[in-house]
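Asker: Chain by chain, the residues run as shown.
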Amino acid sequence: MAEYKYTAADFKSDQEVRWCPGCGDHAILNAVQRALPEIADATDTPHNKFTFVSGIGCSSRFIYYMKTFGFHSVHGRANAVATGVKTANPDLSVWVATGDGDSLAIGGNHFIHAIRRNVDLNMILFNNEIYGLTKGQYSPTSKLGKITKTSPYGTVEKPFNPGELVIGAKGSFFARSIDMEVMLTKECLVSAAKHKGMSVVEVLQNCVIFNDKTHALFAGDKATRQEHTITLRHGEKMIFGANRDKGLVFENMKLKVVTLGEGYTEEDLLTHDAHEKDTTLHAMLAAMKYPDYPVAVGVIRDVDDPVIYDQGVQQQVEEMKAKSKIRCMDDLLHSGETWEVE
Amino acid sequence: MEQNKVQELHDVVIRFSGDSGDGMQLTGTLFSDTAALEGNGISTFPDYPAEIRAPQGTVAGVSGFQVHFGDHRELNPGDYCDVLVAMNPAALKANRKWLKRSATVILDGDSITEENLKKAGFTTLDPIEELGLGDYNIVAPDITSLTREALKDTGLDNRAVVKCKNMFALGICFWLFDCHEDHAFQYLEAKFQKKNPLIAEANKLAIKAGYNFAANTHQLASHYRVAPAHLEKGTYRTISGNVATAWGLMAAAEKAGLPLFCGSYPITPATVILEELAKRKDLNVKTVQAEDEIAGICTAIGAAYAGNFAVTSTSGPGLSLKSEALGLAVMIELPLVVVDVQRGGPSTGLPTKTEQSDLVQALYGRNGECPLIVVAASSPSDCFHYAFEAGRLAMEHMTPVVLLTDGFIANGSEPWRIPSMKDYPAIVPPIVETAPEGGFMPYVRNEKLARGWAFPGKTGLEHRVGGLEKDAVKGSISHDPSNHQKMTYLRAEKVRKVADYIPAQTVYGNAEGELLVVGWGGTRGHLQNAVDQLREEGKSVSLCHFNYINPLPKGVGEIFAKFKKIVVCELNEGQFANYLRQQFQEFQYEQYNKVEGQPFTIVELKEKFETLLQK
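So the sequence lines, in the order shown, correspond to chains P and D.
Just so we're aligned, residue 1 is where the first sequence starts under my numbering, counting upward by one.
Just so we're aligned, residue 1001 is where the second sequence starts under my numbering, counting upward by one.
These are computed hints drawn from the structure, not numbers from a lab.
The C-beta atom is built at its ideal place from N, Cα and C for all residues, glycine as well.
Some hints could be false.
Calculated cross-link-like contacts (lysine to aspartate or glutamate; reagent style EDC-like; alpha-carbon spacing at most 16 Å) [to be verified]:
no.	chain 1	residue 1	chain 2	residue 2
1	D	Lys1191	P	Glu337
2	D	Lys1474	P	Glu236
3	P	Lys49	D	Glu1433
4	D	Lys1474	P	Glu16
5	D	Lys1255	P	Asp331
6	P	Lys323	D	Asp1282
Which chain P residues face chain D? A few, computed with CB under 10 Å, are given here [to be verified]:
no.	residue
7	Ile63
8	Ala78
9	Gly84
10	Lys86
11	Leu332
Please work from the sequences and hints to get the whole structure.
Answerer: Here it is as structure tokens:
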């Protein structure tokens, strides 16, 4: 393991952070800046190789606050731009900062295709279930019936669950955190960085101005989070609750919440296997919704997938360079059928 | 063969036509490559329907490939043909209007059936009479039966045998123009030897059979020879516009010492560029077949940021989709080449037909004040040069460049004297290696007004770019009104300054006179040919043809001032004429415009120019 001895301050730019006071984005920025020194060491990545790409929206201002290479692109296209950056130079550690509107509405196509290709990117998906920068319109993750400026009578469209999309697109890594849980976010980011291939970290983020407390019923304060979320860690039992007295079992082809001591012991609970290639259980865990289930946080899926786009392209380049008789343009120009005019 | 006299000809236009599944593109290509290898000047024009297999036997489903070959350099594929090969009545009907008076028509006699005539919309059973071809030299051997007979011992099934009839027709043409079969044989062997040697053998047999049939029967009165062209000394190959474009981009990458990156989405008629680049991993080319046109350009912009020479290739509808990202490239001032192989528009329009109607879109089709460089290629082979130029200008001036070609030159091909890369200049982008004292400022500019290009991964050069307006020096976000005014000026001035780094405008023919023909892009071959013919008749006509569109080269006003009349000819409704009106308001511009999805004809151009000269 390398030792760069970076601190969070090494990743703070000189730009004034202009998100609203109390916005969840501050906590995410904090978590990223605290995670990067550890990531630099764990993945042997020097400071100059970190590159952040964003789209448009509150979340996408993120790159200006990072003292790294940064690219604030156009709405929805962060994943496409980042695919280009990473394919052009697979040596870089490429991060995408994006939101629910940016990546799941206007950029939905690029989102699923970046996952399908398994480009080795690390995405931080800020999910506040609202369009904040345009001042409060519903997004593709807004709950059914949500009243906003563009849905004065409530939405009549069902939301996406980002985790289900990632897993549906055969994503190899998906984690979920909550803005206030800085240490958990950091843990997820470190795992994402270590993962080879596309990783998506969804952070449930609170927009204090336009969608305050949207996640509050299960994530409002620490006590609520203990009761209504479950932190998944590979190899550990699926157990939750302030008294750690609840857990998940698999019965009748479904996940079921049980209370320990009421006919179930800890032995009966499921053990989280983030490395399982089959997507079934991961999809079920990602889909768990309040109030029927605890909302799953932590690394839900982290599987080895050897087919990584940018590496595959690079490998073909190396192979063809070694194999081909054409080594420069002059060779190519004279290849195939030619004739002389005297 | 002795019984047939050989006549010398200066040039010949031959058109192969049949159903879109009849293999006419291959037949035409084999013929034109053969003529090129025998030293003739050639120019080709594939003309095919948008459907892969359009309804069989109908006029709409006719696919054609025209070859113009001669004992001199051919500038265009010719208007009207001397020989028409028609594999069915529909092909005959579709191409009736392209026949020269007294042309030779080789028609598959087997195809003249009641059913086929009906499908092609004939109302009688005599297509020759109905089309008024009585005075033409019609030869109608039963090509299908003759092919079947020739291949009866191959063991192939009827379907496979009948597929070889195009090669029988090719054999007839080989005899007719005294061509060697070697190239076609080699091609067929290379193509089929591994997959199915029997098919290669059958096709070769069909060519031989066609050749012998023509030599032994007296159906064709004479056969012809076209002497080799007096081309400049050197090594030659044939090249199509799309391949030349791909290679020109690669040449620019090589001369800049950077990897080439292409992010594209398949679209007719531009796809061959992506296909060609995808082959060239050996030359450090990376291609991403993106999920859509927007991702195509966005991956390219990302690659440009990361330090590759990045390009995206498309056609009109794709350019529309790329508009927003193209604006981003202007704003962040990164090098990028967007190749637009123009086709008939608007919307899906005429995907396989040619037009020059994306000019205004290329110049202005973005939000905000958003200037960029626009360059246009004018022949299949000079796509190489202008693709190289687009790369040079993009990288040295740190700006996106739109390279306009069109379906006609992209699919057309011609012999090309192979250049040597040592004759091309090095491309020197303003790459920043280390941070200067006081830190790297991304928007500090050089004498070209180009900003520094700092790749991620380089120590001490960490910086942020984006689509928001930036401070003119530091590059941080700025909403300051005077800074926006200044940045708007700088972005435009940077593009205007490019005029100092491109060749001055030239005029072809006399530098002064009665009529100046003005054109741009892919119409050069036709315009020059029409001007040449009028000049031979002693008319005072010159040609001013443009390849650099924005900025315009220096010297344009001086050229225009020396002529009594100016006529701007283009395959649109007058987009370049209006652009010139805006830039050079002191002149009057006549126009000649056509939007039929077809190139100009020499005949119509000459007629227009003669009318203007008489007025």
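Asker: When the hints from earlier in the document are held up against this structure, which numbers fail?
Answerer: Violated hint: only 2; rest satisfied.
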